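Peer 1: Here's the letter readout for the chains.
6 protein chains.
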Amino acid sequence: VKPVVVTDPPRTDEALVAALGEYGVATLGEAMGRTGYLGPHLRPIYPGARLAGTAVPVVCWPGDNLMIHVAIEQTRPGDVLVVTTSSPSRDGFFGELFATALAARGVVGLVTETGVRDTAELTEMRFPVWAPAVSAQGTVKATAGSVNLPVTIGGVVIEPGDVIVADDDGVVCVPRAHAGEVSVAAGEREAKEARNRERFKAGELGLDVYGLRPLLERLGVEYRPYETP
Amino acid sequence: VKPVVVTDPPRTDEALVAALGEYGVATLGEAMGRTGYLGPHLRPIYPGARLAGTAVPVVCWPGDNLMIHVAIEQTRPGDVLVVTTSSPSRDGFFGELFATALAARGVVGLVTETGVRDTAELTEMRFPVWAPAVSAQGTVKATAGSVNLPVTIGGVVIEPGDVIVADDDGVVCVPRAHAGEVSVAAGEREAKEARNRERFKAGELGLDVYGLRPLLERLGVEYRPYETP
Amino acid sequence: VKPVVVTDPPRTDEALVAALGEYGVATLGEAMGRTGYLGPHLRPIYPGARLAGTAVPVVCWPGDNLMIHVAIEQTRPGDVLVVTTSSPSRDGFFGELFATALAARGVVGLVTETGVRDTAELTEMRFPVWAPAVSAQGTVKATAGSVNLPVTIGGVVIEPGDVIVADDDGVVCVPRAHAGEVSVAAGEREAKEARNRERFKAGELGLDVYGLRPLLERLGVEYRPYETP
Amino acid sequence: VKPVVVTDPPRTDEALVAALGEYGVATLGEAMGRTGYLGPHLRPIYPGARLAGTAVPVVCWPGDNLMIHVAIEQTRPGDVLVVTTSSPSRDGFFGELFATALAARGVVGLVTETGVRDTAELTEMRFPVWAPAVSAQGTVKATAGSVNLPVTIGGVVIEPGDVIVADDDGVVCVPRAHAGEVSVAAGEREAKEARNRERFKAGELGLDVYGLRPLLERLGVEYRPYETP
Amino acid sequence: VKPVVVTDPPRTDEALVAALGEYGVATLGEAMGRTGYLGPHLRPIYPGARLAGTAVPVVCWPGDNLMIHVAIEQTRPGDVLVVTTSSPSRDGFFGELFATALAARGVVGLVTETGVRDTAELTEMRFPVWAPAVSAQGTVKATAGSVNLPVTIGGVVIEPGDVIVADDDGVVCVPRAHAGEVSVAAGEREAKEARNRERFKAGELGLDVYGLRPLLERLGVEYRPYETP
Amino acid sequence: VKPVVVTDPPRTDEALVAALGEYGVATLGEAMGRTGYLGPHLRPIYPGARLAGTAVPVVCWPGDNLMIHVAIEQTRPGDVLVVTTSSPSRDGFFGELFATALAARGVVGLVTETGVRDTAELTEMRFPVWAPAVSAQGTVKATAGSVNLPVTIGGVVIEPGDVIVADDDGVVCVPRAHAGEVSVAAGEREAKEARNRERFKAGELGLDVYGLRPLLERLGVEYRPYETP
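Chains as they are written, first to last, in the working numbering: chain A, 72 to 300; chain B, 72 to 300; chain C, 72 to 300; chain D, 72 to 300; chain E, 72 to 300; chain F, 72 to 300.
Treat the hints with caution; some may be incorrect.
For identical chains, the list gives no copy identity; a pair is met inside one copy or between any two copies.
[Claimed, not checked] Below 30 Å or equal to it, Euclidean Cα-Cα: the simulated DSS-like pairs (lysine-lysine) are:
(1) LYS272 - LYS212
(2) LYS73 - LYS263
(3) LYS212 - LYS263
(4) LYS73 - LYS212
By construction, these hints were calculated from the structure, which means they are not laboratory data. All values derive from a computational prediction rather than experimental measurement.
Could you build all of it, start to finish, from the sequences and the hints given here?
Peer 2: This is the structure:
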């Protein structure tokens with residue numbers, strides 16, 4: 072891990088972040104061709120948590136949260152801290168004091184590959200966090216890592232300034248360079264889904280709405296009446 | 072996987088389904104000799120979710136929800152969709168549009184070995200779902216599977232028309248052929264538990280309620296006063 | 072597993088248990104030098120669950136809850152049942168009838184390495200339970216184990232009479248011999264955190280509050296302005 | 072679990088078992104339409120292990136190998152013991168003494184969902200075993216299960232007398248009713264693969280051998296020269 | 072974690088260690104009443120590895136092997152290094168240079184909860200290692216832990232000077248205080264197994280060798296001829 | 072997933088690949104500051120497997136190996152196929168026919184996040200493969216993915232033409248842009264390790280070789296003679 076802190080990376084435009092934040096995580100993933108989703112292991116610490124913001128990626132050493140302290144100095148209002156470790160580590164890297172510091176700076180939430188603690192207090196503060204684990208296990212501050220270098224979670228590369236959107240379905244990353252087109256595509260998808268929703272409510276079948284019957288025939292799907300064994 | 076759709080399998084009688092739905096999952100599992108439970112990995116997407124219905128088993132290919140579309144056409148009011156995959160796949164096979172279509176047909180819920188998405192919307196609709204994961208990762212519609220052939224979850228074989236009961240403790244399958252006797256046995260067990268509950272409330276011990284003291288003696292359990300190490 | 076039941080082990084003093092129960096699990100773990108935490112796999116069955124009590128450690132055979140019946144007879148008001156198995160077993164060892172019996176004896180909750188069931192009823196009773204899994208799978212009563220011999224969970228040794236504190240962050244064990252000093256250290260830590268909380272609220276950085284800048288220099292952390300790739 | 076032992080179930084014809092044993096596990100799975108494979112968790116205890124035989128399915132209680140003793144009495148030469156548990160249990164259910172007893176009866180090997188032990192001795196005896204774990208942890212003999220009732224492993228139902236074939240790739244189950252047709256299909260597949268092998272050796276591409284180029288076009292796969300980022 | 076190094080703990084007598092090393096891990100676990108086994112996750116890095124020695128327990132911080140360096144100074148000929156971490160960490164804590172240093176001091180092997188690397192070289196050196204993972208991921212030397220305080224692996228407490236025996240079946244710990252009686256019990260068990268082996272070879276059944284038929288009757292096991300479904 | 076095939080990406084110079092291939096995976100990871108290692112889940116299918124080559128990254132859909140066929144056309148002598156999936160999938164994506172085709176083109180091996188099959192044949196061919204699982208489960212050819220777009224494994228980004236080195240310790244990726252400097256650093260590290268090896272052989276301690284005693288003092292490590300408990 073290079074002990075590097077990149078300062079002042081550009082962020083995605085605030086209005087674009089807000090526009091993307093109008094959509095659900097699943098819609099955004101579909102709008103990006105089924106990419107960008109960070110994986111089912113990242114769960115919100117309370118139901119109904121939501122956020123949209125710009126990524127400040129951090130790499131910590133296992134069991135060591137030193138670089139979160141370093142990262143906080145690099146945050147701006149509207150940012151989201153995105154914490155990973157150089158190898159898997161589910162200790163409680165983050166708690167209520169960090170959230171207090173971040174909230175004071177206008178940071179809108181945390182996405183982390185580590186454990187978090189003080190979840191009762193974080194929930195009361197309504198500081199939204201997505202994490203794979205809750206853990207009270209403490210960490211040290213001894214080894215360097217990086218801030219604002221790209222990180223990957225679940226096979227998705229997250230660059231500083233990319234858009235992070237998170238809800239009950241998990242977390243998605245929209246690259247800064249494609250934020251505009253993804254916002255448009257998400258809007259189109261949502262409109263199409265709204266039309267389909269009406270058809271489904273009226274009792275139409277997906278087989279017809281999506282025109283799947285020819286495919287079934289091509290695949291040789293056989294319909295066969297039930298026979299008593 | 073045979074690309075087969077079995078049409079019009081018989082369902083367990085509606086009244087029997089309703090009767091079984093009066094019991095908890097744990098009671099039904101005990102009434103079947105500690106069998107029928109699909110495993111601790113299937114969790115409800117919201118606390119307090121409950122369902123009882125008749126199984127429509129589906130086999131999908133990993134990352135591919137085509138056969139859910141096919142299955143919906145085969146559902147009747149009172150059915151439960153039971154989705155498995157030919158190998159493990161936790162992507163988001165199912166979301167709010169599917170639930171809208173199923174609710175329009177009177178289907179009472181979903182049990183799936185895959186991930187689900189749109190959990191906020193599903194919760195708001197009170198469409199009950201049991202699944203091992205929440206995932207926003209999208210799926211394709213390209214490969215055939217089966218509908219209404221038997222499937223297995225957690226070592227339990229589920230035939231079309233079997234009774235599925237689910238609550239906060241998970242999901243149980245009651246075979247159609249044994250639904251009547253299981254209902255009777257569950258009633259007896261519940262009555263017995265009610266009597267025992269009163270004894271426990273009164274401070275009696277399980278050792279006496281269940282007559283376990285002779286067993287302890289046979290097993291050579293030794294009672295020994297505490298000694299300071 | 073020795074089939075032994077140790078009777079009447081000493082418990083940590085009630086007032087000390089109450090004092091420790093005032094602190095969160097994370098604070099107590101830190102006060103013990105980042106030890107004593109039983110691990111992130113133990114989750115409360117409902118949010119906001121809390122307990123503090125004295126441990127009654129139990130070892131069961133996999134799929135067999137006989138020794139829980141034995142253990143109940145050994146409990147006193149203020150105790151916490153701490154259940155492990157001789158090898159991993161996530162079946163539903165514990166449910167509402169056991170909780171009824173324990174509540175009748177003044178036992179304040181359960182920490183278990185096994186699955187639990189009847190979680191809806193347990194939640195309604197507000198009987199707090201920490202467990203790695205919810206499972207309706209039933210158990211037998213056939214094989215002996217131990218009560219009030221030391222057990223280990225997550226690498227932590229739990230002796231009978233030790234203090235168990237649990238909240239949304241998980242479970243911590245405070246050894247009886249150190250309960251007094253840990254209580255003092257936790258108080259000091261909490262006071263220090265309160266002071267730091269005010270500084271963070273005022274916008275101070277952890278880098279300064281904890282004096283970390285010289286460490287960063289020693290580690291060779293390099294600050295580098297963002298460059299367009 | 073029903074405490075039932077089914078006696079004298081029919082076995083697949085010996086010659087058919089031998090014929091199926093000529094094929095690899097992967098070939099047989101393909102010949103059955105990509106079904107019948109018990110999953111990647113079952114590994115041989117030594118490289119190069121191979122077997123083909125008729126299944127004697129057993130259900131044990133976790134941590135309890137009583138029913139293996141019961142099952143041995145039901146075995147005939149050419150059988151394979153197939154052991155599962157009513158819930159997951161990786162203890163060492165099986166070791167060298169059992170293998171000695173089975174070898175004395177002409178049983179050709181073991182497939183188990185549990186752990187095994189004495190692997191050095193089993194390897195020396197060349198008694199082939201497929202298991203998910205090696206464990207020295209001992210078991211008890213206290214709780215009943217079943218022999219020769221159907222079991223499921225990895226979603227595959229195994230009936231008594233079905234054909235089990237296993238090699239370095241894992242384990243496959245060929246249902247007794249389809250053993251003949253599967254043998255024919257496997258032979259055809261192997262012949263076709265032999266022809267394709269020659270084409271691949273000669274440098275032909277799968278895209279041409281399997282005629283995949285039109286599919287790529289239909290899927291909109293775009294070929295694009297590399298550009299320096 | 073207390074930053075403590077305990078010097079010169081007593082070791083189990085050399086002759087007793089040698090005597091225990093004559094038995095397999097499974098035999099020793101049985102001789103201790105099915106306790107002492109560290110779990111199926113610890114695997115030898117090459118088949119046929121074996122060791123018997125006295126434990127030098129080490130606690131490291133995740134991703135940090137500093138305390139292994141500290142521990143080496145505390146070793147004597149005949150010792151086994153037993154390495155754990157304060158929370159799970161599978162990085163490559165140990166490689167060929169460490170093995171060179173340990174071999175130079177007469178240390179007979181390593182048991183570790185972490186990853187190891189240079190396995191090709193370790194195998195060539197025939198330096199036996201049991202570990203849950205092979206990993207090339209490097210570690211730092213920054214945070215303190217302990218040497219010769221008790222540790223736990225798989226629920227088993229390991230004190231300095233206890234006997235560690237390991238083979239293809241995994242690792243067992245025999246407490247120093249019980250080494251003599253365990254050695255005797257293991258000898259008795261092995262003798263009994265030798266007698267049973269002859270009976271099994273002669274075709275006797277475990278049902279008779281162990282006298283299990285009355286138990287089956289008590290459990291209500293029903294024998295039922297096969298019926299065509 | 073974008074259905075894109077990038078053609079003719081530049082490869083790292085052949086001589087540099089050969090030079091890097093002289094070093095072990097652990098040495099290369101250290102030479103890159105403890106980065107580049109793909110994780111402990113990727114294991115060689117036979118002991119002693121080794122490779123060094125240039126990456127051809129592939130993204131497949133779960134349960135679908137279509138894009139491996141597409142990728143083969145893009146390979147050159149000296150390449151390594153690096154296969155990932157858009158979500159986890161451990162089916163048998165790759166077997167002996169693919170290896171035959173790749174060997175015919177001079178491709179030196181495979182690194183894959185999926186399962187592989189025909190491992191006996193692959194071992195006999197000495198075609199080296201690193202994978203997390205062996206699985207006979209077959210796949211389809213129905214859904215598009217990408218070839219020669221960057222992929223990530225274990226948090227490491229792999230670009231087409233990067234150097235892949237693999238041995239018994241796993242797999243490391245050396246970025247094309249840094250191949251030269253990493254080769255130099257690895258040489259220096261190896262030379263230093265050779266010097267240290269001699270010191271360790273002579274009985275020196277790592278505490279002195281690496282000058283760690285002042286650190287122990289700073290960390291407050293306390294040496295304390297053993298006391299009988």
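Peer 1: State for each hint whether it applies.
Peer 2: Going through the hints against the structure:
no. : hint            : verdict
1   : LYS272 - LYS212 : between (55 Å within a copy, 21 Å between copies)
2   : LYS73 - LYS263  : between (45 Å within a copy, 21 Å between copies)
3   : LYS212 - LYS263 : between (50 Å within a copy, 18 Å between copies)
4   : LYS73 - LYS212  : both (17 Å within a copy, 16 Å between copies)
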